[in-house]
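Protein sequences, first through last, are from chains A and B.
Heads up: the first sequence is residues 1 to 238, going by this note's numbering.
Heads up: the second sequence is residues 1 to 149, going by this note's numbering.
Among the hints, erroneous ones may be present.
[Claimed, not checked] With the Cβ distance kept under 10 angstroms, some of the chain B side facing chain A (calculated, not the full set):
| no. | residue |
| --- | --- |
| 1 | Phe9 |
| 2 | Leu12 |
| 3 | Ala17 |
| 4 | Leu18 |
| 5 | Ala25 |
| 6 | Ile91 |
| 7 | Pro93 |
| 8 | Asp94 |
| 9 | Ser100 |
| 10 | Leu120 |
| 11 | His123 |
| 12 | Glu125 |
| 13 | Lys130 |
[What the hints assert, rightly or not] Label-pair distances were calculated between CB atoms; the ranges are:
| no. | chain 1 | residue 1 | chain 2 | residue 2 | range |
| --- | --- | --- | --- | --- | --- |
| 14 | B | Arg112 | A | Leu187 | 45 to 53 angstroms |
| 15 | B | Lys2 | A | Ile105 | 35 to 43 angstroms |
| 16 | B | Ser118 | A | Leu17 | 45 to 53 angstroms |
| 17 | B | Ala52 | A | Trp80 | 51 to 59 angstroms |
| 18 | A | Pro41 | B | Gly70 | 25 to 33 angstroms |
| 19 | A | Arg234 | B | Leu8 | 24 to 32 angstroms |
| 20 | B | Lys2 | A | Met235 | 21 to 29 angstroms |
| 21 | B | Lys51 | A | Val79 | 55 to 63 angstroms |
| 22 | A | Ala198 | B | Arg66 | 30 to 38 angstroms |
Think of the hints as simulated: they come from the structure by calculation, not from any bench.
C-beta: ideal position from N, C-alpha, C; glycine also.
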Amino acid sequence: MHRFANPARFLRIAKPLTPALFWPGLLLTLMACIWGLFFIPTERLMGDTVKILFVHVPAAWLGMGGWTGIAIASIVQLVWRHPLAGVAARAIAVPGATFAAICLITGSIWGRPTWGTWWVWDGRLTSMLVLFFLYLGYIALSNASSEKGDTSRVAAVFGVIGAVNIPIINRSVIWWESQHQRASITLGGSSIDSAYLAPLFVAVAGFSLLFGALVLMRMRAALAAMRIEARMRRMAQG
Amino acid sequence: MKPKHQRLFLALIAVVALGGAGLIAASALREEASYFYTPTTLAAANVEPGKAIRLGGMVQKGSIVRGGDGVSITFIVQDQERSQKVAYRGITPDLFVEGSGVVADGHLRPDRVFVAESLLAKHDENYVPKELADIDINAAAYTKDTLAP
Numbered sequence: 001m002h003r004f005a006n007p008a009r010f011l012r013i014a015k016p017l018t019p020a021l022f023w024p025g026l027l028l029t030l031m032a033c034i035w036g037l038f039f040i041p042t043e044r045l046m047g048d049t050v051k052i053l054f055v056h057v058p059a060a061w062l063g064m065g066g067w068t069g070i071a072i073a074s075i076v077q078l079v080w081r082h083p084l085a086g087v088a089a090r091a092i093a094v095p096g097a098t099f100a101a102i103c104l105i106t107g108s109i110w111g112r113p114t115w116g117t118w119w120v121w122d123g124r125l126t127s128m129l130v131l132f133f134l135y136l137g138y139i140a141l142s143n144a145s146s147e148k149g150d151t152s153r154v155a156a157v158f159g160v161i162g163a164v165n166i167p168i169i170n171r172s173v174i175w176w177e178s179q180h181q182r183a184s185i186t187l188g189g190s191s192i193d194s195a196y197l198a199p200l201f202v203a204v205a206g207f208s209l210l211f212g213a214l215v216l217m218r219m220r221a222a223l224a225a226m227r228i229e230a231r232m233r234r235m236a237q238g
Numbered sequence: 001m002k003p004k005h006q007r008l009f010l011a012l013i014a015v016v017a018l019g020g021a022g023l024i025a026a027s028a029l030r031e032e033a034s035y036f037y038t039p040t041t042l043a044a045a046n047v048e049p050g051k052a053i054r055l056g057g058m059v060q061k062g063s064i065v066r067g068g069d070g071v072s073i074t075f076i077v078q079d080q081e082r083s084q085k086v087a088y089r090g091i092t093p094d095l096f097v098e099g100s101g102v103v104a105d106g107h108l109r110p111d112r113v114f115v116a117e118s119l120l121a122k123h124d125e126n127y128v129p130k131e132l133a134d135i136d137i138n139a140a141a142y143t144k145d146t147l148a149p
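Using the sequences provided together with the hints, build the complete structure.
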């Protein structure tokens, strides 16, 4: 793992990898949007609002996947003192928070015509809102250190503790079954018709690739900022 | 702003965000504990008219009657034993159909009709195109229950 500890080596890989993730991601996302908007049948009860599925589900997946990534990177930072892990965790935070927010907003817009309400204090909705607040807390904490790129240990601890919420979100529809329906895609199979499932997979793949590209861009920007800071300090001393 | 003050400020934001998250979770758990009447418990409870209550149950098949004005609707909510007539004015949720589960906030009129101010309908985990649904809404291939043990 420490093979990538050297930022120069990491950058050599990250630089070509960024467009390799970004362009296929953009293509798949556009494809899923067009497919989902124009080429799917109306749903039996929800009609055309079912189209929100293709944004809502990938956003939820990335909101939760993002924090899982933060937790893993934080553990790597705390245990192995890996210098890039903290940078990676911080790079995930803002895109993760954005997707969690998109999930909440699209869910709310979907809930109004289908359930009859913008919001209910259902277990799934509440735990997802808590995830969004955890992201805000993490962003504030990780920015609380004085130096650019300084990866604070407090934020890493917070990232690990906050991971408790991820299984809660996953189980919430079973523990407090109230408004949000149970999972449609499980290990046992899917209860989504293939007419919706296929574009949904394209959307999830596209959004995920874009997410990966965003995180790499942010990591590269953070490393560049660290280098500038180091050079400025040397110049000030020299 | 000194760096130390900036750190303090950001740490405070983190504390407030976490505290807010905790509070919201706690209030959600309280809300979860809030009670709704089924037609059976409502009949037994002798609730006075006008008191804000919540009623839950299934929409009885064939009971939905839409008024001439396009927004008034009456229907019957039932559980295993009893049924309760409900009146509502407004746009019904997409998932509000005969046989679906519904939770209504409202109050009883003196004539024991439940007047709903809001309707909540629930979705199951199935997504089925309209054309297929016309063949058989409960087709086994689309229900997860048949896959689960």
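Mind listing which of the numbered hints don't hold for this structure, in increasing order? Result: no hint breaks.
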